[in-house]
Amino acid sequence: MAGEDGKDKVAPRTTEGQRKLDRRDVLMGLSTVPALGLFGYAWRKQNQVKQAAARAAVAPREAAAAGDVREVNVALLGAGAQGQVLTEAMQRIPGLRFRAVCDIWTEYNQRRVVNTLKRYGHEVNGYVDYREMLDKEPAIEAVVIATPDFWHAEHAIACMKAGKHVYCEKEMSNTLEGARNMVLAARETGKLLQIGHQRRSNPRYIHCHDKLLKEANLLGRIVTVNGQWNRAVAADLGAPDRYAIPQATLTQFGFKDMHQFRNWRWYKGLGGGPIVDLGSHQIDIYSWFLGSNPTHVTASGGLLYHDPKTHEWYDTVMVIYDYMTPAGPAKAYYQTQTTNGSQGYFETFMGDQGTLLISESELNNPGSIYRDPNAPAWDAWIQKGYIGAPVIPEAKDEEEGASGAIADVRESAAPDRHKVPVALTDPYHQPHLQNFFDAVRGKARLNCPAEVGYESAVAVLKVNEAIESNTRLAFRPEDFKVGGEA
Amino acid sequence: MSQPDEESGLRIEGRRARDARRHSHEAMHTVFEVYALHPDARYAAQAAEAALALTQRLERDLSRFIANSDISRINRLEAGEATRVSLETLECLVIARHMFEVTDGAFDISIGTGLSSIELDEDALVVRATQPGVRLDLGGIGKGYAVDLMADVLEEWGLRVALVHGGFSSVLALDGPVDGEGWPLTLSDPAAPARVLARLSACQTSIGASGLVKGDHIVDPRTGEPVRGRRAAWVAAPRPATRGQAAADGAPRLAVTAVTDALTTACMVMSVDEITALCARSPGLEAWVLEDHGQDGAGEAGLRHFGGMHSDGPVALQTGDA
Amino acid sequence: MMAETRASHWAMVGITVMRVLVGWHFLYEGLAKLTADSWSAAGFMKQSRGPFAGFFRWLASDPTMLAYSDTITMWGLSIVGACLILGLFTRLASLGGIGFLMLFYLCNPPFIGYFYTIPSEGSYLIVNKNLVELAALVVIFATGSGTFAGIDRIVHGLWVRKPRLARA
Ligand SMILES: NC(=O)c1ccc[n+]([C@@H]2O[C@H](COP(=O)([O-])OP(=O)(O)OC[C@H]3O[C@@H](n4cnc5c(N)ncnc54)[C@H](O)[C@@H]3O)[C@@H](O)[C@H]2O)c1
Numbered sequence: 001m002a003g004e005d006g007k008d009k010v011a012p013r014t015t016e017g018q019r020k021l022d023r024r025d026v027l028m029g030l031s032t033v034p035a036l037g038l039f040g041y042a043w044r045k046q047n048q049v050k051q052a053a054a055r056a057a058v059a060p061r062e063a064a065a066a067g068d069v070r071e072v073n074v075a076l077l078g079a080g081a082q083g084q085v086l087t088e089a090m091q092r093i094p095g096l097r098f099r100a101v102c103d104i105w106t107e108y109n110q111r112r113v114v115n116t117l118k119r120y121g122h123e124v125n126g127y128v129d130y131r132e133m134l135d136k137e138p139a140i141e142a143v144v145i146a147t148p149d150f151w152h153a154e155h156a157i158a159c160m161k162a163g164k165h166v167y168c169e170k171e172m173s174n175t176l177e178g179a180r181n182m183v184l185a186a187r188e189t190g191k192l193l194q195i196g197h198q199r200r201s202n203p204r205y206i207h208c209h210d211k212l213l214k215e216a217n218l219l220g221r222i223v224t225v226n227g228q229w230n231r232a233v234a235a236d237l238g239a240p241d242r243y244a245i246p247q248a249t250l251t252q253f254g255f256k257d258m259h260q261f262r263n264w265r266w267y268k269g270l271g272g273g274p275i276v277d278l279g280s281h282q283i284d285i286y287s288w289f290l291g292s293n294p295t296h297v298t299a300s301g302g303l304l305y306h307d308p309k310t311h312e313w314y315d316t317v318m319v320i321y322d323y324m325t326p327a328g329p330a331k332a333y334y335q336t337q338t339t340n341g342s343q344g345y346f347e348t349f350m351g352d353q354g355t356l357l358i359s360e361s362e363l364n365n366p367g368s369i370y371r372d373p374n375a376p377a378w379d380a381w382i383q384k385g386y387i388g389a390p391v392i393p394e395a396k397d398e399e400e401g402a403s404g405a406i407a408d409v410r411e412s413a414a415p416d417r418h419k420v421p422v423a424l425t426d427p428y429h430q431p432h433l434q435n436f437f438d439a440v441r442g443k444a445r446l447n448c449p450a451e452v453g454y455e456s457a458v459a460v461l462k463v464n465e466a467i468e469s470n471t472r473l474a475f476r477p478e479d480f481k482v483g484g485e486a
Numbered sequence: 001m002s003q004p005d006e007e008s009g010l011r012i013e014g015r016r017a018r019d020a021r022r023h024s025h026e027a028m029h030t031v032f033e034v035y036a037l038h039p040d041a042r043y044a045a046q047a048a049e050a051a052l053a054l055t056q057r058l059e060r061d062l063s064r065f066i067a068n069s070d071i072s073r074i075n076r077l078e079a080g081e082a083t084r085v086s087l088e089t090l091e092c093l094v095i096a097r098h099m100f101e102v103t104d105g106a107f108d109i110s111i112g113t114g115l116s117s118i119e120l121d122e123d124a125l126v127v128r129a130t131q132p133g134v135r136l137d138l139g140g141i142g143k144g145y146a147v148d149l150m151a152d153v154l155e156e157w158g159l160r161v162a163l164v165h166g167g168f169s170s171v172l173a174l175d176g177p178v179d180g181e182g183w184p185l186t187l188s189d190p191a192a193p194a195r196v197l198a199r200l201s202a203c204q205t206s207i208g209a210s211g212l213v214k215g216d217h218i219v220d221p222r223t224g225e226p227v228r229g230r231r232a233a234w235v236a237a238p239r240p241a242t243r244g245q246a247a248a249d250g251a252p253r254l255a256v257t258a259v260t261d262a263l264t265t266a267c268m269v270m271s272v273d274e275i276t277a278l279c280a281r282s283p284g285l286e287a288w289v290l291e292d293h294g295q296d297g298a299g300e301a302g303l304r305h306f307g308g309m310h311s312d313g314p315v316a317l318q319t320g321d322a
Numbered sequence: 001m002m003a004e005t006r007a008s009h010w011a012m013v014g015i016t017v018m019r020v021l022v023g024w025h026f027l028y029e030g031l032a033k034l035t036a037d038s039w040s041a042a043g044f045m046k047q048s049r050g051p052f053a054g055f056f057r058w059l060a061s062d063p064t065m066l067a068y069s070d071t072i073t074m075w076g077l078s079i080v081g082a083c084l085i086l087g088l089f090t091r092l093a094s095l096g097g098i099g100f101l102m103l104f105y106l107c108n109p110p111f112i113g114y115f116y117t118i119p120s121e122g123s124y125l126i127v128n129k130n131l132v133e134l135a136a137l138v139v140i141f142a143t144g145s146g147t148f149a150g151i152d153r154i155v156h157g158l159w160v161r162k163p164r165l166a167r168a
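Residue numbers (our numbering), protein chains in the order written: chain F, 1 to 486; chain B, 1 to 322; chain G, 1 to 168.
Think of the hints as simulated: they come from the structure by calculation, not from any bench. Accuracy of the hints is not assured; some may be wrong.
[Unchecked claim] Derived pair list, reagent style EDC-like, types lysine to aspartate or glutamate, alpha-carbon separation capped at 20 Å:
#1 LYS419/F <-> ASP479/F
#2 LYS331/F <-> GLU78/B
#3 LYS161/F <-> GLU141/F
#4 LYS309/F <-> ASP40/B
#5 LYS118/F <-> ASP40/B
[To be verified] Covered stretches of chain F (in silico footprint by chain B; criterion: 3 or more residues with CB under 8 Å from a CB of chain B, positions within the stretch not fixed):
#6 87 to 99
#7 182 to 196
#8 340 to 352
#9 370 to 378
These numbers were taken from a predicted model, which means no experiment stands behind them. For glycine and all other residues, C-beta sits at the position ideal for the given N, C-alpha and C.
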């Protein structure tokens, strides 16, 4: 390439090496140095923007002022699967002192939780009858309830009447009447009643609601919602033979036999089936994010797969809700089935400017927002740290973690999926419990008080009714309110 | 820690074993399975389901890929910060630290980032960091630990004839399918699974396996250098006599599969002398190392056997090419 | 000393601008990788296609070689970039850059019938931007643009005492 026939057409250049450098040589020699300076400037600016975005994305940690937390005496009522999860999560909350555990399965769940709590340094007594516990443990200030749904109303109301604040697992109650009485009891006693829709306290959900939807309105007008919770077939729950509960105890507490005791969710009068068990979490989010309660519900469902002898509720449910949101009408679809776990659980909110895909899981679909090609650019929100920079789809066989493993000297065009940059770094139920105990100490307002739990119960329990009657059912606005009288 | 457990070189063989009902579940990037023989199939399925459900719960505590796991929270600790962890996480960390000491650092859940800067407060169940930047990865012990806990659940349910494993890299055999005989297992060359190197009959025995597929490597945490010349390692140890309901009473568990799991990883990087000394120190421990004399799994491979001269070890039926 | 092909003054100005732009790009690619949390060429090399796929996959699978290639790539790109901007050791830098681009091109060549999972912002058939940038570096190499506008000019003036080839 170095053509020797090329003539030097450049204006006067050194023709003899011995010549000293002239001014022109020096000037020309340094002429491109400023470009490096410019690069340095651009590089610094770019990094500043990136850092600012990263800083903004780190959710402000609620400074748990360890010094001045007042100790709260706590009891657990219902030490099953969920009671154990809540107990674990509560070990990470400062200032809690466990006093008692009440569970009718003394030999198994009760003993397990009592032992765990002892290991964590709590001196606790075990009870079978919650009334005895309330009598004998006057020091208890708050009760966390995780019994089967059909016990919630009785348990929560009795605890509040005994002067305790209550954290009660969802579903608030298996009947509207029970849920209504719980709201009334909370009002009457002035005690706190938090319902366990824990997504209401999840930092990612709060970020999406407060920042992405309300403040930035990134989705524009939300017209449709889609969500699901699909589960693969699983064996019915059982119990080790040697820990079977005496029949008399089972009968006393409303269970026909051990099988029903373990699988109460599937039985009418005890639970509400998958739509209530799983759907209630997500349908609660529909109403929260849409800013209104539904006006109508259409649903179809059935027991298509499981054994009707041991399953009374529908194993498959598909629902459509109509909403009249402040921005206009919207429709929301929800499905739950228990024969195939495809895609697990998530909620998708679709507006004319974008789509939000979110779930509680930190592993699958933890949060992505997609910009509609016609929507205005989102760079300002990226810089504010509200959303992540566009995600470049990763090469198939890439190792996890090795981000941007592209050695190509080109930057790739940006597809427009953005991550929601807020993760839950605490155990799953901890923030919701923390919110409850903050409220008990007078430092916060409940994220899911009885009234909110009630609205959600109204929307969800109506689904089973709609399936049974096979008609489209209407909600009146007053259906979601609890009046002065029961 | 690179541990492709698809090629652990460990298998169950024989018809009797295949008669056992199998239940499986995916967690911790592997497939856990329960083989169980019980007259009531439904009951056995429920027991297996209860045991398998544990893996998911443990993964939520132990996985470094889950942002709100105990391990992720530990990995984010700044110097002087502390976090409370579950009983299981703490127990797993205690075993891991012990294994670090026993193997002179050849098994290191911090992969050389400084396990010593993590303090464990066993009474308060608190983990404190004295230095920032420690990165824990329980990949080399978590599966084994899960298998131990699953076996406890099966026993709680009264299932004694069972075998539990996680991706066949952590195996725990309870009572065998035929009276007086163990579960028939084979060790084979991961690069040529058809080539059986040894047959074992395992009963109340835990076996860990580490194998490499071509192109993978394992790094010695003590030097940071990849180790060559080892294709696979297996470690077996007898399961301590069960203590009935002790597990439910919060007594410390003797998590033998967590131990063998950790030791196989160590055996991939320890010298022959180190392994010999380890087995001499630990009655009942038995180890096999498949050495790679050629380049890249192409050449000759030789099986070395350590320990196991003790009466209560697993019975090696045959060793050598079959 | 090598003879230089000299273009007209304005052509040389244009080539110099091109040199600075290519250098800027190299420098940013290099620094971005150096400052990324854990950049590695493994992903790129593992999905290599074409006649040299075996070589690149081998590089990616051997931890020692991979570490070398990563270091060489990150620092190499940065140094080549800075030199091109400054017009310092321009020829050497161009050669280095040509080498890198050649490797990138050969690792994942846009040959007929290849489909890649790495996203690209354009459509390429045999010729891609790596190849075009490579051609630009050939021009820069050939014209020795650093001795026109760049530190090379000063270096030459100071240290290169030998008379240049006589010019008409
Ligand atoms: N928020 C969530 O994500 C979530 C998840 C799972 C369960 N839950 C809710 O938690 C509650 C419990 O669910 P679970 O899965 O733990 O069920 P479970 O059957 O595992 O546990 C229920 C426990 O309550 C005990 N119990 C039953 N009746 C009692 C009574 N009258 N007095 C005292 N103890 C009694 C049982 O012995 C058992 O230990 C349900 O309301 C469920 O909807 C919420």
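So, going through the hints one by one against the coordinates:
no., hint, result
1, LYS419/F <-> ASP479/F, "violated (37 Å)"
2, LYS331/F <-> GLU78/B, "violated (47 Å)"
3, LYS161/F <-> GLU141/F, "holds (12 Å)"
4, LYS309/F <-> ASP40/B, "holds (19 Å)"
5, LYS118/F <-> ASP40/B, "violated (36 Å)"
6, 87 to 99, "holds (count 3)"
7, 182 to 196, "violated (count 0)"
8, 340 to 352, "violated (count 0)"
9, 370 to 378, "violated (count 0)"
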